[in-house]
Amino acid sequence: TGAQVVAIAGNHDHGPTFDAYRPLMAAAGIHLVGTPRRPGDGGVVAFDARSTGEAVRVAALPFVSQHHALRAADLVGAVPVSHTAGYVGHVRALVGALEDGFADGAVNVLTTHLTVAGAVLGGGERPAQSVTEYHVPAAILSARADYVALGHMHRAQNLRAAGRAAGPVRYCGSPLAVDFGEEDAEPSVTVVDVAPGGSARLRTVPLRAPRRLRTARGSVAVLRRLAAEGALDSAAALRVYVQEPVRAGLREDVAAILPNAVEIRIDPAFAPAAASRRPVDAAPRTPLELFREYCAGVGVVDDRLGALFTRLHDEVTSTDPPGR
Numbered sequence: 003t004g005a006q007v008v009a010i011a012g013n014h015d016h017g018p019t020f021d022a023y024r025p026l027m028a029a030a031g032i033h034l035v036g037t038p039r040r041p042g043d044g045g046v047v048a049f050d051a052r053s054t055g056e057a058v059r060v061a062a063l064p065f066v067s068q069h070h071a072l073r074a075a076d077l078v079g080a081v082p083v084s085h086t087a088g089y090v091g092h093v094r095a096l097v098g099a100l101e102d103g104f105a106d107g108a109v110n111v112l113t114t115h116l117t118v119a120g121a122v123l124g125g126g127e128r129p130a131q132s133v134t135e136y137h138v139p140a141a142i143l144s145a146r147a148d149y150v151a152l153g154h155m156h157r158a159q160n161l162r163a164a165g166r167a168a169g170p171v172r173y174c175g176s177p178l179a180v181d182f183g184e185e186d187a188e189p190s191v192t193v194v195d196v197a198p199g200g201s202a203r204l205r206t207v208p209l210r211a212p213r214r215l216r217t218a219r220g221s222v223a224v225l226r227r228l229a230a231e232g233a234l235d236s237a238a239a240l241r242v243y244v245q246e247p248v249r250a251g252l253r254e255d256v257a258a259i260l261p262n263a264v265e266i267r268i269d270p271a272f273a274p275a276a277a278s279r280r281p282v283d284a285a286p287r288t289p290l291e292l293f294r295e296y297c298a299g300v301g302v303v304d305d306r307l308g309a310l311f312t313r314l315h316d317e318v319t320s321t322d323p324p325g326r
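With this note's numbering as the guide, the letters of the sequence shown map in order to residues 3 to 326.
Please keep in mind that the hints were generated in silico from the structure rather than gathered at the bench. Predicted model only: the values in this text are computed from it and were never measured. All C-beta atoms, glycine included, are put in the ideal place defined by N, C-alpha and C. One or more hints might be untrue.
[What the hints assert, rightly or not] Taking CB as the label site, the calculated pair distances span:
#1 90 with 31: 32 to 40 Å
#2 299 with 90: 27 to 35 Å
#3 51 with 267: 49 to 57 Å
#4 257 with 299: 35 to 43 Å
Given only the sequences and the hints, what does the whole structure look like? Please build it.
Printed below as a string of structure tokens:
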């Protein structure tokens with residue numbers, strides 16, 4: 003269609019792969035940004051709007067882990083960033099450096115993949131990269147941007163930034179429910195109309211997913227009856243809690259009745275005592291919480307271990323490149 007597309011890597015993506023495909027995708031007007039870049043090296047995408055000829059500047063900041071935030075800030079910024087600035091300080095430096103690519107009289111947009119304080123989880127986010135250590139205040143997200151487009155939270159939502167008089171800050175949310183914690187979510191896309199220096203107008207367009215996520219509960223007999231009555235959505239992907247004690251062949255019986263079941267579990271009330279210590283629907287614990295629980299169980303109490311664990315976890319799970 004000739005549309006200009008800007009896509010950044012999130013915490014589920016492999017940033018170097020995005021960068022490897024940059025030259026090829028650029029031929030089709032698709033600007034991939036996998037790792038933080040200087041404004042003049044692809045960190046700010048500049049083009050003219052096809053319909054109006056207005057200048058557009060899109061500052062693109064992909065996800066950056068705690069472990070690589072300082073290195074990224076040093077790389078993108080014009081001056082070294084203090085080691086003591088912390089994650090928020092490094093992100094602030096990255097955003098500030100990208101702002102240098104904005105222009106007066108242009109539509110200036112910031113798109114980034116972050117956990118912004120005050121946002122509400124959707125249910126399918128990766129816990130290790132949604133914890134407090136990754137929170138940044140909305141106030142640092144560029145006072146010069148006419149619109150801030152956020153990724154990471156799967157629930158669509160606007161954010162209020164105290165003391166920030168610039169354009170709106172919004173998570174458009176996941177276009178598909180990716181976890182059963184999101185089965186009641188209404189996926190959508192956000193259409194934004196904005197002129198240079200003008201107020202952005204937002205419009206939400208719902209997406210009707212071909213397959214919804216649904217949860218069913220009951221004994222095998224009850225599930226068979228509900229399926230026969232058409233009470234269970236045959237087009238949905240089902241999570242099934244079987245309300246009877248575990249036995250050989252139980253999973254096969256349920257799968258035969260509900261071929262669209264993608265998860266089959268024993269209801270906690272019918273699970274063996276040893277398996278029901280923690281409710282199935284309990285909030286997922288982060289790797290750091292699990293590590294601290296293990297340390298407490300073996301009688302080790304040392305806050306330095308938690309900090310070291312977080313650093314090592316980032317090293318082994320991050321997709322950031324070791325250096326440019």
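Going through the hints against the structure:
no.	hint	verdict
1	90 with 31: 32 to 40 Å	34 Å, holds
2	299 with 90: 27 to 35 Å	32 Å, holds
3	51 with 267: 49 to 57 Å	50 Å, holds
4	257 with 299: 35 to 43 Å	37 Å, holds
When held up to the earlier numbered hints, the structure conflicts with none and fits them all.
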